[in-house]
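Enquirer: Residue strings, one per chain:
2 protein chains.
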Amino acid sequence: MRTDFTALQGVTCVVFGGGGFIGTHLCRALQRLGARVRGFGRSRTNPEALTGIPWTNGEFADRAAVARVVEGCEVVFHLLGVSTPDSSNKDPLGDLLSSTAPTLQLLEICRASMVRKVLFVSSGGTVYGIPRTIPIPESARTDPISAYGISKLAIEKYLALYHHLHGQDFSVLRVANPFGPYQNPNRRQGLVAALMHRIAHAQPVEIWGDGLIVRDFIYIDDVIEALVMAVMYNGPHHLFNVGSGVGRSVLDVVKDIAQVLGRPDAVRIHKPGRATDVPVNVLDIALIDREFGWFPRTEWIQGLMWTADWMNTA
Amino acid sequence: MRTDFTALQGVTCVVFGGGGFIGTHLCRALQRLGARVRGFGRSRTNPEALTGIPWTNGEFADRAAVARVVEGCEVVFHLLGVSTPDSSNKDPLGDLLSSTAPTLQLLEICRASMVRKVLFVSSGGTVYGIPRTIPIPESARTDPISAYGISKLAIEKYLALYHHLHGQDFSVLRVANPFGPYQNPNRRQGLVAALMHRIAHAQPVEIWGDGLIVRDFIYIDDVIEALVMAVMYNGPHHLFNVGSGVGRSVLDVVKDIAQVLGRPDAVRIHKPGRATDVPVNVLDIALIDREFGWFPRTEWIQGLMWTADWMNTA
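Line order of the protein sequences matches chains E and Z.
Every number in my numbering is 690 more than the matching position in the first sequence, counting from 1.
Every number in my numbering is 690 more than the matching position in the second sequence, counting from 1.
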């Protein structure tokens, strides 16, 4: 990493959702930088990747368990989320109760525990809804077309409220579509992982809609660097897009993955589009570049190759 | 009223929060216009004003009770809210669970019952937070400094989501500070009612902060007209400011009320400011004027005089 992260040595952190894709990488990076990191969540997708990191299996709604793991922490990372945009729209109330409500509980606990900073991974792909300008700046209108996106947005607003009322420091990172090792190909999120898994196993690839929808893919190491930089950031901004700033269509992604895997003959099957899919999403990353000096370092094809390497050895 | 409201004759409506200040006026107006109106809420502040209007005492969280009263309704008005900006900040989770969560239940019920249109009274005074431009257009940034404002904003987003996913028609009215008869002087909301009550009873007036905070006051009859017009509106917009477009400082309001009541000697006591008070809030009402042909008709001093008349006879 290009920044001096020695300030993280000995800092006690907890990662809610530390067992997921981003969380696994974040826990490892914090450990490597000398932070005292612990994880909390329902499960770990890759427990062997988290060796030596204290772990609590728990429900986010369990106030006592959350309070225990936050106690003594300076920095709290909130990456938890059980729903997907699609599943959330089938049960918006369930999404609210499992996502927004326990986050408010967490904020009260952080306040009582004198946590120095809360870092929240929001969703650059859903909070804006259907964009009016591309790339999308942080100041763009936020009209999500999924309950998932509304929950992320509401949590952002509650974080700003706690800052206003109680001086609780925070950063929100609106992350685009991250990809890389440890991403589970069997979840509904994570297009690269899903496509790579199917193509590698010579299974036909399902494309929702015409395949012309455009997304912003960002390699996981770059996301983690932004998250760690946010811990030390002291400037006036609290909310940052984290993406590549480059749009790629699903068809292009299929083509590039097929090429990286040496399977240009991969079969495409077109399925009906989904109501939760915005036609295009590319994030404007000028603000985080200016404030953090952060920009994505991993080239797209390189990121795909590293992901393929991991898949082949996993 | 200036518009032809005959289209409301025989239309079945339910008003959630029909027993409150705005709700009481709305139920009466709908009844007068020939609609079949019923009310639902925890209580009625002025039950005698709602004679002849079927009423259900119930909890908003009681799904079965809400479903029963929605059944057969074409139009649903949602005016319910138990918290205030101040109280919501003491318990953001409680606010979420008593406001946003049961609203999602209501939206599911409306969808299942084939309700034609949902009308939601949002808060023009809190959803924007501290404004960057005055008057505030609907497109301004929404950074509430109260949990109350965040709940209203989240509900607006869920209404837009149900429209996107299920075609559920809706209007949101972001109402400024309404005043007029039936406003309870003993609640924390309703500055005009509180001030008028104290000045009329020769009690000292408590002013939070320096009294220079500016608000947008709108007479209740004008609010009701906007709500009824919204039922029939078929244009492309879903979200409208409803205010006077004029800013008045608290000190000016005290002076004008004292004058209307013939008590220019009213005593002012200054108290510390509150964290939930934005310094200024004046709404831009160009959109609703253009789309509905609506503008406030009641002159400020006239509205105060009518309110004083009601108070004297109540």
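Hint data in this document are derived by calculation from the structure and do not stem from the laboratory.
There may be inaccurate statements among the hints.
Each pair may be met inside one copy or between any two copies, as identical chains are not told apart.
To be verified - Here are the simulated EDC-like cross-link-like pairs (lysine to aspartate or glutamate), alpha carbons at most 20 Å apart as the crow flies:
{"hint": "1", "residue 1": "K780", "residue 2": "D979"}
{"hint": "2", "residue 1": "K780", "residue 2": "E798"}
{"hint": "3", "residue 1": "K807", "residue 2": "D967"}
{"hint": "4", "residue 1": "K780", "residue 2": "D859"}
{"hint": "5", "residue 1": "K945", "residue 2": "E764"}
Enquirer: Against this structure, judge whether each hint is valid.
Expert: A quick look at each hint next to the structure:
1. In this homomeric assembly, K780 and D979 never come within 20 Å of each other (Cα to Cα): the closest approach is 37 Å inside a single copy and 37 Å across copies.
2. In this homomeric assembly, K780 and E798 come within 20 Å of each other (Cα to Cα) only across copies, at 10 Å, whereas the closest approach inside a single copy is 29 Å.
3. Proximity of K807 to D967 under the C-alpha cut-off of 20 Å is found in neither arrangement, the shortest distances being 33 Å within a copy and 25 Å between copies.
4. Within a single copy, K780 and D859 get their C-alpha atoms only as close as 34 Å, which misses the 20 Å cut-off; across copies the closest is 19 Å, which meets it.
5. For the homomeric pair K945 and E764, neither the shortest alpha-carbon distance inside one copy (44 Å) nor that between copies (50 Å) is at most 20 Å.
Going down the numbered hints, you'll see the structure goes against 1, 3 and 5, while the others check out.
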